[in-house]
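Enquirer: In case you want the letters, here they are:
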Amino acid sequence: GAVVSQHPSWVICKSGTSVKIECRSLDFQATTMFWYRQFPKQSLMLMATSNEGSKATYEQGVEKDKFLINHASLTLSTLTVTSAHPEDSSFYICSARVGGRQMNTEAFFGQGTRLTVV
Amino acid sequence: AQSVSQHNHHVILSEAASLELGCNYSYGGTVNLFWYVQYPGQHLQLLLKYFSGYPLVKGIKGFEAEFIKSKFSFNLRKPSVQWSDTAEYFCAVNTGGYQKVTFGTGTKLQVIP
Chain A
1231 GAVVSQHPSW VICKSGTSVK IECRSLDFQA TTMFWYRQFP KQSLMLMATS NEGSKATYEQ
1291 GVEKDKFLIN HASLTLSTLT VTSAHPEDSS FYICSARVGG RQMNTEAFFG QGTRLTVV
Chain B
107 AQSVSQHNHH VILSEAASLE LGCNYSYGGT VNLFWYVQYP GQHLQLLLKY FSGYPLVKGI
167 KGFEAEFIKS KFSFNLRKPS VQWSDTAEYF CAVNTGGYQK VTFGTGTKLQ VIP
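So the protein lines, in turn, are chains A and B. Using the numbering used here, the first residue of the first sequence is number 1231, and each one after it goes up by one. Using the numbering used here, the first residue of the second sequence is number 107, and each one after it goes up by one.
Honestly, the hints are just simulated from the structure, not real lab data. Predicted, not measured: the structure shown is a model, and the values here were computed from it. Glycine included, each C-beta is placed from N, C-alpha and C at the ideal position. Misleading hints may appear alongside valid ones.
Unchecked claim - Quick look at which bits of chain B chain A covers, simulated, 3 or more residues with Cβ under 8 Å:
#1 138 to 149
#2 206 to 219
Said to hold, decoys possible - One side only, chain A facing chain B, incomplete, derived with CB under 8 Å:
#3 Phe1264
#4 Gln1272
#5 Ser1273
#6 Leu1274
#7 Leu1276
#8 Thr1279
#9 Glu1336
#10 Ala1337
#11 Phe1339
#12 Gly1340
#13 Gln1341
#14 Gly1342
Claimed, not checked - DEER-style ranges, computed between Cβ atoms:
#15 Ile166(B) / Ser1239(A): 23 to 29 Å
#16 Gln148(B) / Phe1269(A): 15 to 21 Å
#17 Thr1310(A) / Ile118(B): 36 to 42 Å
#18 Gly168(B) / Phe1258(A): 26 to 32 Å
#19 Gln1272(A) / Ser132(B): 17 to 23 Å
#20 Tyr133(B) / Lys1294(A): 23 to 29 Å
#21 Ser1239(A) / His115(B): 23 to 29 Å
#22 Ala107(B) / Leu1298(A): 22 to 28 Å
#23 Ser186(B) / Lys1285(A): 47 to 53 Å
Could you build the full structure based on these sequences and the hints that come with them?
Expert: Have a look at this one:
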């Protein structure tokens, strides 16, 4: 299957600093990528849909100024957690679908990034 | 908006027991349905998917799922589980185009040798 790579796998940062997480589709072009957040013992919650060359679409309740998403190329989307606080500590996962607008495609997931804000 | 319900949060089985994990979704239109698995320390992997056609789909590692449209269900089954099946299982639904994939809350399966 297609490969989606996230970097870093884990990061520890001080409260008030910003952290950037990268999501790359290694062997396919992804016009759309998705960013999820997974709290302990809970499911994946979609944060935003990242569209190449345009603004991201954020889910209700997600602060767009805090979670900046940039999808500058067909293989790279970045999520920047700005002015991070301890409550932002979580597991962030990206995914990408092969085929873009086609409905009948599966999503491939990155390995996730464990963010700990101290 | 679509939603997905997984009724079993934690299931404990002995090896060789049969498995059935429930999944129900709410959406009136055409859906794509998925089961993903997350082994300890690993990322999500696709187990199987249903897009259209015959409602019984087979996936990797002996898993299968049946789409019952009238019940809005997509239950996951395996006749005989192994210790290596210990993982968390997520049911997911997608309603097409750029629409998001919505996940259920997950079911932790623990298989006892």
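Enquirer: Hints first: check each against the structure and report whether it holds.
Expert: Here's how the hints hold up against the structure:
| no. | hint | in the structure |
| --- | --- | --- |
| 1 | 138 to 149 | holds (count 5) |
| 2 | 206 to 219 | holds (count 7) |
| 3 | Phe1264 | 6 Å, holds |
| 4 | Gln1272 | 7 Å, holds |
| 5 | Ser1273 | 4 Å, holds |
| 6 | Leu1274 | 5 Å, holds |
| 7 | Leu1276 | 5 Å, holds |
| 8 | Thr1279 | 6 Å, holds |
| 9 | Glu1336 | 6 Å, holds |
| 10 | Ala1337 | 5 Å, holds |
| 11 | Phe1339 | 4 Å, holds |
| 12 | Gly1340 | 6 Å, holds |
| 13 | Gln1341 | 4 Å, holds |
| 14 | Gly1342 | 6 Å, holds |
| 15 | Ile166(B) / Ser1239(A): 23 to 29 Å | 24 Å, holds |
| 16 | Gln148(B) / Phe1269(A): 15 to 21 Å | 18 Å, holds |
| 17 | Thr1310(A) / Ile118(B): 36 to 42 Å | 41 Å, holds |
| 18 | Gly168(B) / Phe1258(A): 26 to 32 Å | 28 Å, holds |
| 19 | Gln1272(A) / Ser132(B): 17 to 23 Å | 19 Å, holds |
| 20 | Tyr133(B) / Lys1294(A): 23 to 29 Å | 26 Å, holds |
| 21 | Ser1239(A) / His115(B): 23 to 29 Å | 27 Å, holds |
| 22 | Ala107(B) / Leu1298(A): 22 to 28 Å | 25 Å, holds |
| 23 | Ser186(B) / Lys1285(A): 47 to 53 Å | 49 Å, holds |
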